[in-house]
Amino acid sequence: MTAASPFLEVRSVVKRYHNHTALDGVSLSLRPGRIFGLLGPNGAGKTTLIRIINQIIGPDSGQLLLEGRPLSYADTHRMGYLPEERGLYKKMKIGEQALYLAQLRGLSSRDARQQVRHWFTRLDIQAWAEKKVEELSKGMQQKVQFACTVLHRPDLIILDEPFSGFDPVNAEVLKQEILNLQREGATLLFSTHRMETVEEMCQDVALINRAQVVLSGETAEIRARYSDRSYLIRHEGPLFLPERGVERLPPPANATQATDAMPRFVPSISTQDSTAAEPTIQETRVRLTDGTLNDLLAHCIAQATPLHAVEEIRPGFHEIFIKTVKEAQP
Amino acid sequence: MSKAGWVAQREFMVRVRSRQFIVMTLLGPILFSLMFVIPALLARFDSDTQTIWVHDASGLFTGAFTSEGGVVFRELEQEPAGWRDSLKSGNDLGFLLINERIDLAKPSGFRYYSDQPPGVATSDRITRAISDRIQALKLKQRGLDAGFVDSLRTQVDLQTLRLTGDGEEDSSTTAATLVGFMAAFIMYLFIFLYGSMVVRGVVEEKASRVMEVLVASVRPFDLMLGKILGIAAVGLAQFVVWIALTAGLVAIAQATLLAGAPTADVPKEGVEGIMAGLGTLNLPFLLSLFLFYFISGYLLYAALFAAIGSAVDNESDTQQLMFPVTIPIILAIIVAQMVVQNPGSPLSFWFSMIPFTAPILMAVRLPFGVPAWELALSMALMVVGFLATTWIAARIYRVGVLMYGKKPTFRELIRWITYKV
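Protein sequences appear in the order of chains A and B. If you count the first sequence from 1, position 122 lands on 122 in this note's numbering, and the numbers rise without skipping. If you count the second sequence from 1, position 204 lands on 534 in this note's numbering, and the numbers rise without skipping.
Each hint can be trusted.
Stretch-level coverage of chain B by chain A, calculated; a stretch enters the list once three of its residues show a Cβ under 8 Å from a Cβ in chain A: (1) 336–346; (2) 542–555.
Straight-line C-alpha distance at most 16 Å; calculated EDC-like pairs for lysine to aspartate or glutamate: (3) 91(A) to 135(A); (4) 333(B) to 75(A); (5) 175(A) to 199(A); (6) 93(A) to 130(A); (7) 90(A) to 534(B); (8) 175(A) to 200(A); (9) 737(B) to 645(B); (10) 131(A) to 96(A); (11) 91(A) to 534(B); (12) 736(B) to 647(B); (13) 93(A) to 135(A); (14) 750(B) to 60(A).
Among the chain A residues that face chain B by a calculated CB cut under 10 Å, a handful are: (15) 79; (16) 85; (17) 100; (18) 103.
Please keep in mind that the hints were generated in silico from the structure rather than gathered at the bench. Computed from a predicted structure; not experimentally measured. All C-beta atoms in this analysis are idealised placements derived from N, C-alpha and C, irrespective of residue type, glycine included.
Bound conformation, chain A alone:
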């Protein structure tokens, strides 16, 4: 098989419950070694889809293929699943618990013991192996749960809201571990509401709304597709815009939205001498309705006003999500 062929393919999966349709012809494909983000409002069918991939439940119709073959129950040994609602046996020692879950995923006792030691050491929880879950802090429990998800070296790892319940320090540890697993060849599926996770970590994404896939593709490509030719111009002093072809946008409603403008694409000049110049630097947001960015820049450069930066305002997944879901409202 070629590198481009999908690792996991979901083909027109339908799942109906007696009073509603949870999935209505959903198709996805996860490429090997990439992180796939599954988005969607609550109740859209994400959990149902994840349960179907994990073979906890079966589809009414449709197909699932793993490396081109129909998914079989034995394939569950190749999967790791971290459910959104975390849970472990409260009164069982975490070491024994991890061992048990690894055995249920098909590891032999010896391999299981070895993997538990490896991951507990790696995540810095070895010292607590003899403790019961109820004696551990919430963050520690999250680490144990993550260890239990990846102990059996799965090559398909399904994480439902992976970062919820982690403090920033441990979230960073987890992020590095996830990227490491990806580097080692694992394919990952994230279900999440956190758009910054999607933007930072997912190469591919699908948005499910009302039981259907309403948007899917590569993260970067989708963002480019949703670009509406909006630009942010930083300048010192008054800036006059052309009378035609340009629409002035209102400033963002709140500060957090400003960060959606992907700071890493900001040219380095914007940070130059910022302390001295800051009081006089102004921001103007515009959208091109006609003509090109070159026309706009030519107009600006003709003025004496010093320009500091011009950047594209790319819509974040937050906006894309809201826009797509709202458009779908009847």
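Starting from the known structure of chain A, fit chain B onto it as the hints suggest.
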């Protein structure tokens, strides 16, 4: 090892190592053996004799009172002065005064004094002795010999024999009843004790949300089966330890504490009769049948209990759903009382065919002997029964383990059987 095997192993290990199990397993035999030892010890330390003083002014009742069981009757020629005070001290139980003139037609004038109201046994014994003597005196007046009257009162020992294919067999009703009830009670205890352990175990997995991780690795049916079998192993282990420790403790107590003491206050003939009766029962055969009903009965109910556990999110919601399931068990215990009166009645036949009541009913009936075809039919139905409930329970379970939120009604549970998952 199969996944159900791993699950069963975990269920067993976690429970057997729990403090609750260890305490229960050790405390049980101590309590059971105390039940044997305490009556025997009491009989031993309570061996001081107590005296009832009798002053019979009529002279008609000489020798009527016989001393037995730690109570001694002493007859006095004269009514001693100051007996009222002497009663309060020592081992004097009471003072019986009989008037000088006793009218045999209308006997009265018997007074019993004591500082504490006499027990039923004491007053019975006194009245019986008096009425026996009066009866003898009346017979004598009519010219009949008291010895002849005694000989009229014959004790008949009814030997019960049961006709079987190859002749007649001894059977002991008392022993059969005793063994039957014991087995039925243990069966009832086993189903309830370990059945509710299954419910709690399933609810715990759901409430702690570990279920979602489990069902991603194990098929719900294997998960349910592993739990049921693991807990069955816990129950059997506990019973074996209980029986062995109780027997051991009783043996030790008999060898040390109770050495040389008279056995407890049970009529000798009764015990011997029961022991002899036990001898007439085919114990290995009975025990293996008991074990069959034990295991099949437990499996039948445990599966239903697992289904109930799967349907709710927390333990307090289980009660309402458990009620319909427990009705047949309670009904069986009630019917068992009637069955003992008449082990061969249609009522006992039908209730020992229905798999829900058969384990308890058959436990009661087996020691009395059950026709082979009835037994075979009941056992076959039992196997069909537990396969059916396990199948139904598994279908409810696989839906239930994924359901959170609203507590389902019993009717909804039934509907889940038909769901496609």
